[in-house]
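**Q** Spelled out from the first residue to the last, the chains are:
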Amino acid sequence: MRNKSKDKLISLILEKKEDFYRLAYSYVKNSEDALDIVQESIEKAIKAHHSIQDNQSVKSWFYRIVVNTSLDFLRKHKRTSFVDENTLDYYSSGKNDTYQNIDLERSLEELPVKYRTVIILKYFEDLKIHEVAEILNENNNTIKTRLYRALEMLKEKME
Amino acid sequence: MDNKIKELKKQYKNTPIPKELDSTVHKALHTRKKRSTFRAKWFIGVAAALCLFVISVNTSPALAQSLTKIPVLGSVIQVVTFQDIQVENGNYHAHLKTPQVNNLDNKDLENSLNQKYVNENQKLYDEFTQKIEQDEDGHFLIESGYEVKTNNDLLLSIGRYTEEIQASSATTLKYDTIDKQRQIMLTLPILFKNNDYINTISEEIKEQMRQQIKEDPDKIYWVDNAGIEDLDVVDKFEKIDPNQNFYINEDHKLVISFNDYTVAPGYMGVVEFVIPTEVIADDLVGNQYIK
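Chains as they are written, first to last, in my numbering: chain D, 1 to 159; chain A, 160 to 450.
Since the hints were made in silico from the structure, they are not lab data.
This one's a predicted model, so the numbers in the text were calculated from it and none came from an experiment.
Keep in mind that the hints are not guaranteed to be accurate.
[Unchecked claim] Here are the computed distance ranges between Cβ atoms for each label pair:
1) Asn140(D) / Arg341(A): 31 to 39 Å
2) Lys157(D) / Asp338(A): 53 to 61 Å
3) Asp355(A) / Met158(D): 46 to 54 Å
[To be verified] Below, computed lysine-lysine pairings styled on DSS-like, alpha-carbon distance capped at 27 Å:
4) Lys4(D) / Lys256(A)
5) Lys339(A) / Lys352(A)
6) Lys8(D) / Lys186(A)
7) Lys172(A) / Lys44(D)
8) Lys29(D) / Lys178(A)
No residue lacks a Cβ here, since even glycine has one placed at the ideal position from N, Cα and C.
Input sequences plus hints: build the corresponding full structure.
**A** And the structure:
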């Protein structure tokens with residue numbers, strides 16, 4: 001029974017590793033630290049997989065570890081946002097034409113972390129309200145109002 | 160706003176993935192024991208080979224039997240899980256739970272209710288398999304289940320919910336309320352003397368909506384005279400359906416329920432209004448059910 005949750009966990013990590021990386025990256029904004037967070041999250045999860053309850057969603061459980069590890073990282077390190085070499089190369093290679101949307105991206109960056117997190121989890125990771133609630137250890141209604149506030153704030157910033 | 164979110168999502172999904180991610184993940188997975196190397200590979204193999212898992216658990220017969228053995232005066236009317244189906248297929252997930260009402264003496268009522276519940280989930284399941292056939296690369300999640308809202312000496316109220324998530328999510332709730340003594344299904348028209356209840360309840364709900372909007376800036380309902388902008392672009396709430404979704408709660412109060420998007424923006428979800436009994440007292444046939 002126990003190993004079932006571990007198998008589930010491992011297949012989830014392998015399947016969604018890019019999602020988890022992107023989520024970590026959205027907090028720390030550089031690939032080296034994001035990789036460290038992914039690694040640390042996986043190690044934590046493997047060590048603690050016994051604590052997954054039978055009826056608990058492994059997905060929400062692991063997302064929660066990634067979010068918390070990212071937040072811990074931000075707390076430990078000063079929140080400086082800079083672009084690392086990899087990313088710079090990527091953007092300057094012209095693979096991507098996001099430059100005209102820098103303002104849009106910035107308005108998201110400017111949101112307080114807790115509001116940004118709900119937007120990312122709900123709209124970018126396509127999670128359900130109750131999953132976001134599970135990940136952030138809040139109730140559904142809190143997440144709903146937070147999401148609504150986040151959208152309002154975003155709207156204001158873009159005007 | 161939707162477009163902006165889509166744009167942001169696109170940018171987010173464009174976050175470059177460093178080639179070191181794979182090795183980092185593998186390193187992290189294998190720090191503990193070598194054994195997991197084997198298991199991880201094995202699992203990918205199986206996951207690739209098996210594209211469909213169907214787990215069907217039928218909990219009801221054993222549970223129902225053990226429950227009926229408990230000697231209680233009269234019959235114990237109960238609700239058990241008849242069927243629990245989970246399907247996982249790539250980005251498609253379905254989790255459907257079907258309730259079953261047991262021990263009603265009125266077998267016609269019992270059968271028709273149970274058949275209805277089975278049909279509801281059958282329909283969802285068909286819809287789900289159809290979605291998979293249409294588009295293998297899509298995303299779709301569907302969940303259904305039930306909740307017993309009230310179960311006392313007189314009344315049984317069962318709610319069934321369905322949540323569908325594709326691009327956005329939609330939740331629907333349906334209720335059945337049964338008089339356990341007379342063994343009949345209650346409807347709003349049965350509870351009231353005449354059709355006046357439609358207006359009485361509608362006005363009460365509008366008043367509650369306005370009050371809630373005033374007290375909490377996060378709340379929005381499509382109701383007039385509440386300072387809501389852009390009301391003309393949506394169907395504002397005028398009145399309830401004569402057979403509007405309802406149940407009677409443990410406090411013997413009438414509760415009117417609306418599915419998401421019907422009277423409020425989607426983020427408000429499913430909304431309910433408890434109707435104070437004094438408001439409808441004159442319209443009620445009696446005070447047996449609603450007090």
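**Q** With reference to the structure, classify each hint as holding or not holding.
**A** We went through each hint and held it up to the structure:
1. Asn140(D) / Arg341(A): 31 to 39 Å: holds, 37 Å
2. Lys157(D) / Asp338(A): 53 to 61 Å: holds, 55 Å
3. Asp355(A) / Met158(D): 46 to 54 Å: holds, 48 Å
4. Lys4(D) / Lys256(A): Answer holds: lysine 4(D) to lysine 256(A) is near 23 Å, not above 27 Å.
5. Lys339(A) / Lys352(A): Since the Cα atoms of lysine 339(A) and lysine 352(A) sit roughly 21 Å apart, the hinted pair holds (cutoff 27 Å).
6. Lys8(D) / Lys186(A): Since the Cα atoms of lysine 8(D) and lysine 186(A) sit roughly 18 Å apart, the hinted pair holds (cutoff 27 Å).
7. Lys172(A) / Lys44(D): holds, 25 Å
8. Lys29(D) / Lys178(A): Within the cut-off at roughly 17 Å; holds.
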